[in-house]
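Number of protein chains: 2
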Amino acid sequence: MSESRIVTAAVIVIGNEILSGRTKDTNLNYLATGLTEIGIRLMEGRFIPDIEEVIVATVNELRAKHDYIFTTGGIGPTHDDITAASIAKAFGVPLIKHPRAAKLLLDHYGPENLTEARMRMAHTPEGAELIDNPVSVAPGIKIGNVHVLAGVPRICQAMFDGLKAELKGGAKMLSRTVSGYVGEGAIAKDLEALQNRYPMLEIGSYPFFRAGKFGASFVIRGTEKDRIDAAAVELHGIIRNLGAEPIEGEPAA
Amino acid sequence: MSESRIVTAAVIVIGNEILSGRTKDTNLNYLATGLTEIGIRLMEGRFIPDIEEVIVATVNELRAKHDYIFTTGGIGPTHDDITAASIAKAFGVPLIKHPRAAKLLLDHYGPENLTEARMRMAHTPEGAELIDNPVSVAPGIKIGNVHVLAGVPRICQAMFDGLKAELKGGAKMLSRTVSGYVGEGAIAKDLEALQNRYPMLEIGSYPFFRAGKFGASFVIRGTEKDRIDAAAVELHGIIRNLGAEPIEGEPAA
Numbered sequence: 003m004s005e006s007r008i009v010t011a012a013v014i015v016i017g018n019e020i021l022s023g024r025t026k027d028t029n030l031n032y033l034a035t036g037l038t039e040i041g042i043r044l045m046e047g048r049f050i051p052d053i054e055e056v057i058v059a060t061v062n063e064l065r066a067k068h069d070y071i072f073t074t075g076g077i078g079p080t081h082d083d084i085t086a087a088s089i090a091k092a093f094g095v096p097l098i099k100h101p102r103a104a105k106l107l108l109d110h111y112g113p114e115n116l117t118e119a120r121m122r123m124a125h126t127p128e129g130a131e132l133i134d135n136p137v138s139v140a141p142g143i144k145i146g147n148v149h150v151l152a153g154v155p156r157i158c159q160a161m162f163d164g165l166k167a168e169l170k171g172g173a174k175m176l177s178r179t180v181s182g183y184v185g186e187g188a189i190a191k192d193l194e195a196l197q198n199r200y201p202m203l204e205i206g207s208y209p210f211f212r213a214g215k216f217g218a219s220f221v222i223r224g225t226e227k228d229r230i231d232a233a234a235v236e237l238h239g240i241i242r243n244l245g246a247e248p249i250e251g252e253p254a255a
Numbered sequence: 003m004s005e006s007r008i009v010t011a012a013v014i015v016i017g018n019e020i021l022s023g024r025t026k027d028t029n030l031n032y033l034a035t036g037l038t039e040i041g042i043r044l045m046e047g048r049f050i051p052d053i054e055e056v057i058v059a060t061v062n063e064l065r066a067k068h069d070y071i072f073t074t075g076g077i078g079p080t081h082d083d084i085t086a087a088s089i090a091k092a093f094g095v096p097l098i099k100h101p102r103a104a105k106l107l108l109d110h111y112g113p114e115n116l117t118e119a120r121m122r123m124a125h126t127p128e129g130a131e132l133i134d135n136p137v138s139v140a141p142g143i144k145i146g147n148v149h150v151l152a153g154v155p156r157i158c159q160a161m162f163d164g165l166k167a168e169l170k171g172g173a174k175m176l177s178r179t180v181s182g183y184v185g186e187g188a189i190a191k192d193l194e195a196l197q198n199r200y201p202m203l204e205i206g207s208y209p210f211f212r213a214g215k216f217g218a219s220f221v222i223r224g225t226e227k228d229r230i231d232a233a234a235v236e237l238h239g240i241i242r243n244l245g246a247e248p249i250e251g252e253p254a255a
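From first to last, the protein sequence lines are chains A and B.
For the first sequence, the residue numbers in our numbering are 3 to 255.
For the second sequence, the residue numbers in our numbering are 3 to 255.
Hints in this document: simulated from the structure, not taken from any laboratory.
Each residue gets a CB set at the ideal place from its N, CA and C atoms; glycine is no exception.
Incorrect hints may appear among the rest.
To be verified - Chain B side only, calculated, beta carbon under 8 Å to chain A, not exhaustive:
no.	residue
1	Arg7
2	Thr10
3	Lys26
4	Thr38
5	Thr80
6	Tyr200
7	Pro209
8	Gly224
As the list claims (entries may be wrong) - No more than 25 Å apart at the CA atoms, straight line, and that leaves these computed lysine-lysine pairs for BS3-like:
no.	chain 1	residue 1	chain 2	residue 2
9	A	Lys26	B	Lys91
10	B	Lys67	A	Lys67
11	A	Lys26	B	Lys26
12	A	Lys227	A	Lys170
13	A	Lys67	A	Lys170
14	A	Lys91	B	Lys166
15	B	Lys191	A	Lys99
For reference, chain A alone in the conformation it holds in the complex:
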């Protein structure tokens, strides 16, 4: 993958508990932030239930569209943990007991505590590699471009951190944020003209209400630092023309 190619990813959050509202997902944001840092663009997130055919269809749709897929959730020892088996089905390969995963679990639990259920966590699609779990041993799974991570945030995040070095990003999305106590509706026209002068950049406007005043943060994103900086200089001027002071970054809380 060359530096200039755009490398894309999708995240699939698997779990009934997220869709029922019982559990708040925090993994998507963690992965989104980490991927952005290494030049991989998260293009979509899917939140789906623990239903085999949905997992199979979603994984197969997305792995054909993106460079990297990350799933979270459903790789524990209980009957509702069906992600590994579903991924095997998506790839059309059998689910096998992975010898190194089995050894890891045996060393961790000892023969007397390694129940059949715990041994389920050694099951991987045939041909898969393991993803290191520095928190609780039971590994994640990598097969093709699909990375199967745990749902528990601490474990999911540790697995992803360990993987990061081997993920290959492309053109890195750089960003610069300029804020100001100006109404979005007051600046919108100039902002659109600025966007039109810099079609290679993506200029987003995010309103806030702080200390009793309305304002907005303007995020300028793109792969060329000199263009971003040039647009930011113009944006400073636009904000000053509206009688406000441009603030680099987010306003103080």
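Since the structure of chain A is already known, use the hints to place chain B on it.
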């Protein structure tokens, strides 16, 4: 919709800032919780960028599959707010200036401050109804089964709260949580047998680590309270057999 029919929904979270990691979404969980309360099952969540063709394709795919669709984000006054126009395109209708929305904005901003950009927030797909915005006036949009809400959490949530009374739920998903300081790997076999004895229920297992001890919460979900309670009684016995004390609900923090 009869009480026993399963009523489903999907949520579409629209915004580059979510996918870049800049902004943490909190709306999905709010909507998920609220929908569950009124007997509507959230079947999927989609996180997508501010790209017209992606919004159009996602809305059209999902509105054909589910009873209710909710989108969040992209309905402000700036050039990157393209949700209303994209929804119009999805429905194949023109984007019009909605007279009542225009009146609301005029009353709120006054003629001198109602910029052309702010007037964009009165644009709706032809045939759409307005969703009340008690926070900042600019309304959401309802067209067909699609409900277009703001992205700012306070506004999104207020719009949804106002809508709730008119949403028609079906068979309500009830749930009962029983927790215990037992390892998932120790209880998994009995839990699976319990699930097999109650195929009409959905039994999820969610591990936790609290006060230096591993445990798990078991969530029993279904539409029939008597079955849930019967399964919960059995689950109490299973936890006691493993030498632990069953706890109703989540364990104390």
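Hints versus structure:
1. Arg7: violated, 18 Å
2. Thr10: violated, 10 Å
3. Lys26: holds, 5 Å
4. Thr38: holds, 5 Å
5. Thr80: With a closest approach of 4 Å, the Thr80(B) hint holds.
6. Tyr200: violated, 12 Å
7. Pro209: holds, 7 Å
8. Gly224: violated, 12 Å
9. Lys26(A) with Lys91(B): violated, 32 Å
10. Lys67(B) with Lys67(A): holds, 22 Å
11. Lys26(A) with Lys26(B): holds, 11 Å
12. Lys227(A) with Lys170(A): Given pair Lys227(A), Lys170(A) holds - Cα atoms ~21 Å apart, limit 25 Å.
13. Lys67(A) with Lys170(A): Judged against 25 Å, a Cα distance of about 17 Å means the pair holds.
14. Lys91(A) with Lys166(B): violated, 39 Å
15. Lys191(B) with Lys99(A): At roughly 18 Å apart (the allowed maximum being 25 Å), Lys99(A) and Lys191(B) satisfy the hint.
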